[in-house]
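Given next are the chains, with one letter for each unit.
There are 2 protein chains.
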Amino acid sequence: MIRSISESPLYPIVNPKSIAFFGASNTFMRMGSIMLSSMQALGYEGKIIPIHPKEKVVRGLAAYPSILDVPEIPDLAIIVLPTEIVCQTLDDCGKKGIRHAIVVSGGFREAGPEGAALQKELEAIARRHGIRFLGPNCLGVANLHLKLNPTPIKADCKAGFVGLASQSGSFITQMFNYLHRHGMGFSAALSVGNEASIDIVDCLEYLGACPHTKVITLYIEGINRGSKFVEIAKAITPRKPIVALYVGGSEAGKQAGLSHTGSLSGPNEIYDGIFKQCGIIRAKTLTELFDYALALGTLPRPGGNRIVIQTHSGGPGATAADACSRVGLKLSRLSPETVKKLKPLIPKTASTANPVDMTFSKNHADDYFNIPNILLSDSETDMLLAYFVSPGIFLERILGEMGVEENSINSEMDKLIGDFAQKFVSLTQAHPDKPIVGFTYRSLQEKMVRTLLDCGVPVYQDPERAARSLAAVQEYYERRGKM
Amino acid sequence: MIRSISESPLYPIVNPKSIAFFGASNTFMRMGSIMLSSMQALGYEGKIIPIHPKEKVVRGLAAYPSILDVPEIPDLAIIVLPTEIVCQTLDDCGKKGIRHAIVVSGGFREAGPEGAALQKELEAIARRHGIRFLGPNCLGVANLHLKLNPTPIKADCKAGFVGLASQSGSFITQMFNYLHRHGMGFSAALSVGNEASIDIVDCLEYLGACPHTKVITLYIEGINRGSKFVEIAKAITPRKPIVALYVGGSEAGKQAGLSHTGSLSGPNEIYDGIFKQCGIIRAKTLTELFDYALALGTLPRPGGNRIVIQTHSGGPGATAADACSRVGLKLSRLSPETVKKLKPLIPKTASTANPVDMTFSKNHADDYFNIPNILLSDSETDMLLAYFVSPGIFLERILGEMGVEENSINSEMDKLIGDFAQKFVSLTQAHPDKPIVGFTYRSLQEKMVRTLLDCGVPVYQDPERAARSLAAVQEYYERRGKM
Chain A
68 MIRSISESPL YPIVNPKSIA FFGASNTFMR MGSIMLSSMQ ALGYEGKIIP
118 IHPKEKVVRG LAAYPSILDV PEIPDLAIIV LPTEIVCQTL DDCGKKGIRH
168 AIVVSGGFRE AGPEGAALQK ELEAIARRHG IRFLGPNCLG VANLHLKLNP
218 TPIKADCKAG FVGLASQSGS FITQMFNYLH RHGMGFSAAL SVGNEASIDI
268 VDCLEYLGAC PHTKVITLYI EGINRGSKFV EIAKAITPRK PIVALYVGGS
318 EAGKQAGLSH TGSLSGPNEI YDGIFKQCGI IRAKTLTELF DYALALGTLP
368 RPGGNRIVIQ THSGGPGATA ADACSRVGLK LSRLSPETVK KLKPLIPKTA
418 STANPVDMTF SKNHADDYFN IPNILLSDSE TDMLLAYFVS PGIFLERILG
468 EMGVEENSIN SEMDKLIGDF AQKFVSLTQA HPDKPIVGFT YRSLQEKMVR
518 TLLDCGVPVY QDPERAARSL AAVQEYYERR GKM
Chain B
68 MIRSISESPL YPIVNPKSIA FFGASNTFMR MGSIMLSSMQ ALGYEGKIIP
118 IHPKEKVVRG LAAYPSILDV PEIPDLAIIV LPTEIVCQTL DDCGKKGIRH
168 AIVVSGGFRE AGPEGAALQK ELEAIARRHG IRFLGPNCLG VANLHLKLNP
218 TPIKADCKAG FVGLASQSGS FITQMFNYLH RHGMGFSAAL SVGNEASIDI
268 VDCLEYLGAC PHTKVITLYI EGINRGSKFV EIAKAITPRK PIVALYVGGS
318 EAGKQAGLSH TGSLSGPNEI YDGIFKQCGI IRAKTLTELF DYALALGTLP
368 RPGGNRIVIQ THSGGPGATA ADACSRVGLK LSRLSPETVK KLKPLIPKTA
418 STANPVDMTF SKNHADDYFN IPNILLSDSE TDMLLAYFVS PGIFLERILG
468 EMGVEENSIN SEMDKLIGDF AQKFVSLTQA HPDKPIVGFT YRSLQEKMVR
518 TLLDCGVPVY QDPERAARSL AAVQEYYERR GKM
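Line by line, the protein sequences are chains A and B.
To convert, take the position in the first sequence, counting from 1, and add 67; that gives this note's numbering.
To convert, take the position in the second sequence, counting from 1, and add 67; that gives this note's numbering.
Pulled out of the complex, with its shape left as it was, chain A reads as follows (with noise of 0.2 angstroms):
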């Protein structure tokens, strides 16, 4: 296990000050073009030196004919080249002294008997230099607190707190925009296609170390380094949640992983019993490993698995209700008090039953604060999850029958939307070691969610979806305290 995170070999790979790129050129339709165009477009900081046996300016950058020519040596070089050239680019690389390097080329291993010979010569000249590399067959990293991009697709989305190490490079790519309409970003996120030098296991340990990630997610199709992984992971559990998928356990999860990335996959019982040892909290699917990482990133340790639901409506809340007690979590019963102080806030026909069914509302402002707030003050409870209806359906209305001027009803709703969620978010401040999360069928995009989840308050479009996610937070702590 490193010590500090500069001992991984990853460290100057997600952290490179320069950067040595070949296979971008000034036609825009090939891959190196759109890779090197994405890390321009984020506004990377770093120097990059593209490489083109013609062009002498490639997208406004001065490029060299060969490595061999550039005055000083990159701390990282990314290879987006035809499979063929790759082994003599690398080998360049290595006699001009780089030491880390991603092959995003792909043609090797997963691609045959000959690719594969090919991935052994490759893997022998990086040792014959000691280079360290991710891929081949990778779409690299992304460090989005470096603002360095270097994959095909635009990171419309914030610096965060998921590491993500994957094998799979458009789980990387392609969840910048999931993420953030989930109310998430990456710290650091790494694909590492055939492992031929830097595995699964490498980024593992260098997420453990990192301080922007506060959880990891690992997408599997196969771990080669068995006893390595769960040694580093035991190491990094105790502080810091990890969560996995892991497909490579049915058949056709096998098959799909063999054609992808030529891994070794194993039965679903064995990754099993790897991730409960280890502590770590198995996801089925994507969005499982998203909203457990949303959980696991921004709720308290709760204390129980008692659970207050809030709602405006019986459906809603009964539904809640389904999905907490199917993943084990607990109704919690109000005491008396809490009942005492719930009546005046909300209408005789509304429920002080947990669901509280707070039907339509005296005052809408009870709702953001008085309302949760007293359901989080009563000592029988260990956790809340609030449904949101968007207040906005019905504030335009009002608005607009108060006779606000209709060009001015959109501010001033959310102003009032603003001041509603800035207050259930100081909920959070007032019972820091009580986890709080909300759901909606509205979309998260609406003010008063987006206003939550960009606050740190996790809402989930399913009462089922909210549930499950508590419920790994529990599992994750419940197997943290026995290891």
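Keep in mind the hints are simulated off the structure, nothing from the lab.
One or more hints might be untrue.
When chains are identical, the list treats them as one kind, so a pair holds in a single copy or across two.
[Claimed, not checked] Simulated pairs of lysine-lysine, BS3-like, Cα-Cα distance not exceeding 27 angstroms: (1) Lys123 - Lys163; (2) Lys490 - Lys407; (3) Lys225 - Lys514; (4) Lys351 - Lys84; (5) Lys221 - Lys415; (6) Lys281 - Lys490.
Let chain A serve as the given structure and place chain B on it in line with the hints.
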């Protein structure tokens, strides 16, 4: 079982030509006023007659102090009044000759013994006058084909093919926007409340006969007329699918339902048995309820369970393969002819195993017709699951690089993406007997996927949801085959 929809007691409630409305006034912040304003906003074309003790004009409509003063006999009374005066009002309606009502007001059986007694009185009044009514404690109906929405929430959706009968009012109103975002709309949505006169079984029967309804969804906290439910459901499922979400099976769900509508629930196993017997597909969450409805309402009967997965990325492909195999779908084996036809269209590093991973495709347009058309033409394949990245994220950059002016990039992109989407939609005509489904991790509202949804091609936000929905379609036709 009714022979024609007009025999249903619900017919005049869902399709009224004139409505007496009790409880709306010129004070907007009242439930009744908000409900009337929704009805006006959607543009209901029938006649609305507000009844108000003092106001002569309510929201621009001529009002009467008592129903007895109204010159005509309205088809329907909607009552949104304080609990205390509901019985008297229904009695007046009966005297006037009105035979159908929606009682929105709460405070009856769900509110304890006193409320239960009041409900008995209400029932007796209705019986005496021969009145059939929805409620009390409900949100009534929405019939978007008639622009009828007397619920508190604006109907921001189109009329569609999903019929809903719900023991929760919020699942009517709060799903307008949800259904629209996911590519659906209600044909008719019915909130039954305490089911004093008309119950969920009557609603099921109505929806079975409703020509706009292609798939029936049920939200159930407890069924009282069990054997009638079975009889009606059995008569419907051989020609129209029914999906049911039952939440009363867990202790928490049961308690929540009890304080919500006071309904009787039973163990999960009993409901599982009933549903199976009737050919009803059970959903565990609201997300599943409408995911299945989308698939059942749009897809043809599959010839078998052999699926082909098309992707541009290994990870989403492997995840989809894993999800399919978990729900019992079988990855089809591509014939040598199919592989031969594919080869010229995809790069040599691409995979022609199943999942078919096109990687970085040679010609964008092939992804949306030529490649899936080859896959669907294989006689060893019964259905297609395709992964969609937003082509916009590439196209925007490509068009920019090509020198297209910034202010015309969006319209150019929209046109291109619209064409791609239409090509993909045309596969459903080319292969009318093979289900075609998509999944994406992007927002459903981006042009490509939104167009597919608008044209009746289901696209889900996770391969798991797509796979489960396909399995639900399989299961429906299997059960139907055995009935």
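Against the structure, the hints come out as follows:
Taking the closest pair of Cα atoms, Lys123 and Lys163 come within 27 angstroms of each other only inside a single copy of the chain (20 angstroms); across copies the shortest separation is 91 angstroms, beyond that limit. Taking the closest pair of Cα atoms, Lys490 and Lys407 come within 27 angstroms of each other only inside a single copy of the chain (22 angstroms); across copies the shortest separation is 62 angstroms, beyond that limit. In this homomeric assembly, Lys225 and Lys514 come within 27 angstroms of each other (Cα to Cα) both inside a single copy, at 18 angstroms, and across copies, at 23 angstroms. Taking CA atoms no more than 27 angstroms apart as the test, Lys351 paired with Lys84 passes in neither setting, with 38 angstroms inside one copy and 51 angstroms between copies.
For the identical chains of this complex, Lys221 and Lys415 are inter-copy neighbours only, at 26 angstroms across copies versus 53 angstroms inside a copy, given an alpha-carbon limit of 27 angstroms. Only within a single protomer do Lys281 and Lys490 lie at most 27 angstroms apart by alpha-carbon distance; the minimum there is 25 angstroms, versus 44 angstroms between protomers.
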